[in-house]
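Can you build the whole structure from these sequences, using the hints too?
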Amino acid sequence: MFAVESRRLAPAAGPLLRGAVRCLRVLLAALLLTAPPAGAHAAAFDDHFAVVFIDAETEARYGGFPLDRALIAESLAALAEAGARGVILKFFLDRAGDTASDAALAAAMQLMPVILQARIDDGEPAPHPLPSRFTLPFSAATAISGSSGWIPAPRFAAAAAGIGFADYDGLPVALLETYRERTVKSLLLASLELAMGGPADIDPGHHVTAGSWSFALDPLNRAAATPAAWPPLDYLPFHALLEDGGRADRLVGKVVILGYDGARIPMLETPLGAISAHRLFIRVLEALFEQGGAP
11 MFAVESRRLA
21 PAAGPLLRGA
31 VRCLRVLLAA
41 LLLTAPPAGA
51 HAAAFDDHFA
61 VVFIDAETEA
71 RYGGFPLDRA
81 LIAESLAALA
91 EAGARGVILK
101 FFLDRAGDTA
111 SDAALAAAMQ
121 LMPVILQARI
131 DDGEPAPHPL
141 PSRFTLPFSA
151 ATAISGSSGW
161 IPAPRFAAAA
171 AGIGFADYDG
181 LPVALLETYR
191 ERTVKSLLLA
201 SLELAMGGPA
211 DIDPGHHVTA
221 GSWSFALDPL
231 NRAAATPAAW
241 PPLDYLPFHA
251 LLEDGGRADR
261 LVGKVVILGY
271 DGARIPMLET
281 PLGAISAHRL
291 FIRVLEALFE
301 QGGAP
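Each residue of the sequence shown is one higher than the one before, starting from 11 at the first, in the numbering used here.
Please note that the accuracy of each hint is not assured.
[As the list claims (entries may be wrong)] If you anchor each label on the Cβ, the simulated ranges turn out as follows:
1) A136 x A54: 41 to 51 Å
2) Q120 x P281: 34 to 44 Å
3) A70 x G283: 22 to 32 Å
4) A106 x R260: 27 to 37 Å
5) R71 x A110: 26 to 36 Å
6) E67 x A226: 37 to 47 Å
Everything labelled a hint here was simulated from the structure, so no lab data went into it. Ideal placement from N, C-alpha and C gives every residue a C-beta, glycine not left out.
In structure tokens:
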């Protein structure tokens, strides 16, 4: 068993990825190759999800990360035109940026469902309010809780289809967390709901079901998904999406994870080898999705 703690990224990394994995503890001990459980819903991750990364070449073309939020807005428009089902933004939008660029991004978020991420950080002195529509109408025991955090700025929260908390405490992974005594969804669960087409039916401490996907929950509402390896990840570069549509035909009907894979992304050491923070999120989401069973 081991833990990895990352530090808040240097201020130059900007508000889009401001310390994306501070206090990130990845306890990926005993990662074993496991077959999908009996009754699995038999859906491939790549049939439902696609990945767009801001990579080193994107940074070289657009002046480095963080990109102007007007460019993120352009990417959302391109994804909507390509027929994407929705987008998971793997950036923190809790700090205001350029006024015009922020307005463009908030407007582009209306083109299709966009899920934003938040995280718990009790050292945050002045968090934005979390709208009540992003909390659940019941109380549940959780492994992760706090009273402050990085909450999307109001103009972005107003435009979001969902907000999920991106706090990682190893395996099993938290699907529910507690923020200011209210039960909230993890970013993993919000992503699965978007892919499966609607809100999950949650029986706290027992199971969660979304469409044809279901997973058992432990008493702290965690799921024992087990990544088995870190294989190469197929992704569409952000600059290719903006400049020529890239492989946009492969985005039709997909939930697109829009993340960062450049030089500033923290690398984490795990028993399966080193992996970047955003790639780890994707691989854990993949394990959850593919190892889920039928309801």
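*Please flag the earlier hints that this structure goes against, numbers listed from lowest up.*
Structure breaks hint 5 only.
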